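In order, the protein sequences belong to chains C and D. Each number in this note's numbering corresponds to the 1-based position in the first sequence with 598 added. Each number in this note's numbering corresponds to the 1-based position in the second sequence with 41 added.
Careful, some of the hints might be misleading.
Claimed, not checked - Pairs of lysine-lysine residues, derived as DSS-like cross-links and limited to a Cα-Cα distance of at most 25 Å, are as follows:
#	chain 1	residue 1	chain 2	residue 2
1	D	93	C	664
2	C	653	D	93
3	D	97	D	109
4	C	639	D	90
5	D	118	C	639
6	C	612	C	653
7	D	142	C	662
8	D	109	D	90
9	D	118	C	618
10	D	90	D	118
11	D	142	D	90
12	D	142	D	109
13	D	101	D	90
14	C	612	C	639
15	D	109	D	93
16	D	97	C	639
Stated by the list, open to error - One side of the interface only, derived from the structure: several residues of chain D facing chain C at Cβ under 8 Å:
#	residue
17	42
18	48
19	49
20	80
21	85
22	118
23	130
24	141
25	143
26	146
27	147
28	148
Simulated from the structure, these hints should not be mistaken for lab results. This structure is a prediction, so every number in the text was calculated from the model and none was measured. Quick reminder that beta carbons are idealized off the backbone N, C-alpha and C, glycines included.
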Amino acid sequence: GAVVSQHPSWVICKSGTSVKIECRSLDFQATTMFWYRQFPKQSLMLMATSNEGSKATYEQGVEKDKFLINHASLTLSTLTVTSAHPEDSSFYICSAIPQREVIFGPGTRLTVL
Amino acid sequence: GNSVTQMEGPVTLSEEAFLTINCTYTATGYPSLFWYVQYPGEGLQLLLKATKADDKGSNKGFEATYRKETTSFHLEKGSVQVSDSAVYFCALSDYTGTASKLTFGTGTRLQVTL
């Protein structure tokens, strides 16, 4: 079946640095991908909708300059957390929708020291 | 806007006990409803879904019925196993064009003991 992969699965970085997270659709093309953030013991919050070839659509309250999204091809979307701070530490999850069923990636755990 | 409310956990049950996790929703239009499961250290997996009123989704012994009159989608299982220990998320989708955004509940942690 359709699979969405993420890389890396976990990353630790120093405060002030930038981190890039990749989301790939395997065996299918995804013109739209979604990025979620999950805090410990809380639900997933939609951050933005990534659109291939155009600008991402950000949810209210999400800083677009902080969380840069690039959807340069039909199988890859990237989320870059710029100038990361400890409060950005979270579990980031992407999803895509082949055949009208949402498939989630395994997530990327970001820890900012 | 759309919202999903789940019962707070954690829920602790003995193996073979009956499970109910309540979920109610608020939505405009006619959303599809989902239950997702997240096992420790893993990503979300679709457990079951229902796309219209009175539909019953089922999978791995779990069931949930789309109740429009009570705006509910409660998850049930007749006999839980230790391997069912996970976090369960109720969600609804609001189809927008060819894609959909999911709105999640806060999740309910289930712990099943021997």
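Open item on the list: Against the 25 Å threshold, does the CA-CA distance of residue 612(C) and residue 639(C) hold or violate the hint?
Closed with: holds, 24 Å
Task: 25 Å limit on alpha-carbon distance, applied to hinted pair residue 93(D) and residue 664(C) - done: Measuring from Cα to Cα gives roughly 38 Å; hence the hint is violated.
Task: Per-residue hint verdict: residue 146(D), partner chain C, C-beta under 8 Å - done: holds, 6 Å
TODO: Tell me if residue 48(D) is really an interface residue toward chain C, meaning its C-beta lies closer than 8 Å to one of theirs.
DONE: Residue 48(D) check fails; min Cβ-Cβ to chain C is 13 Å, beyond 8 Å.
TODO: For the pair supplied as a hint, residue 142(D) and residue 90(D), confirm whether the alpha-carbon distance does not exceed 25 Å.
DONE: holds, 15 Å
Open item on the list: Need the status of pair residue 97(D), residue 109(D): alpha-carbon distance at most 25 Å?
Closed with: holds, 12 Å
- [ ] Could you grab the alpha-carbon distance between residue 109(D) and residue 93(D) and see if it respects the 25 Å cut-off?
- [x] holds, 8 Å
Open item on the list: Check the hint pairing residue 109(D) with residue 90(D) against an upper bound of 25 Å on the C-alpha distance.
Closed with: Holds - the C-alpha atoms of residue 90(D) and residue 109(D) are around 14 Å apart, at most 25 Å.
- [ ] Grab the minimum C-beta distance from residue 85(D) to chain C and call the hint holds if it beats 8 Å, violated otherwise.
- [x] Holds, about 4 Å.
Task: Hinted pair residue 97(D) and residue 639(C), Cα distance within 25 Å - done: violated, 28 Å
Open item on the list: Interface hint check: residue 143(D), Cβ to nearest Cβ on chain C, cutoff 8 Å. Holds or violated?
Closed with: Holds. Min distance 6 Å.
Open item on the list: Please verify whether residue 612(C) and residue 653(C) have alpha carbons no more than 25 Å apart.
Closed with: Distance of about 28 Å is beyond 25 Å: violated.
Violation of the numbered hints given earlier is confined to hints 1, 2, 6, 9, 16, 17, 18, 19, 20, 22; the remaining hints are satisfied by the structure.
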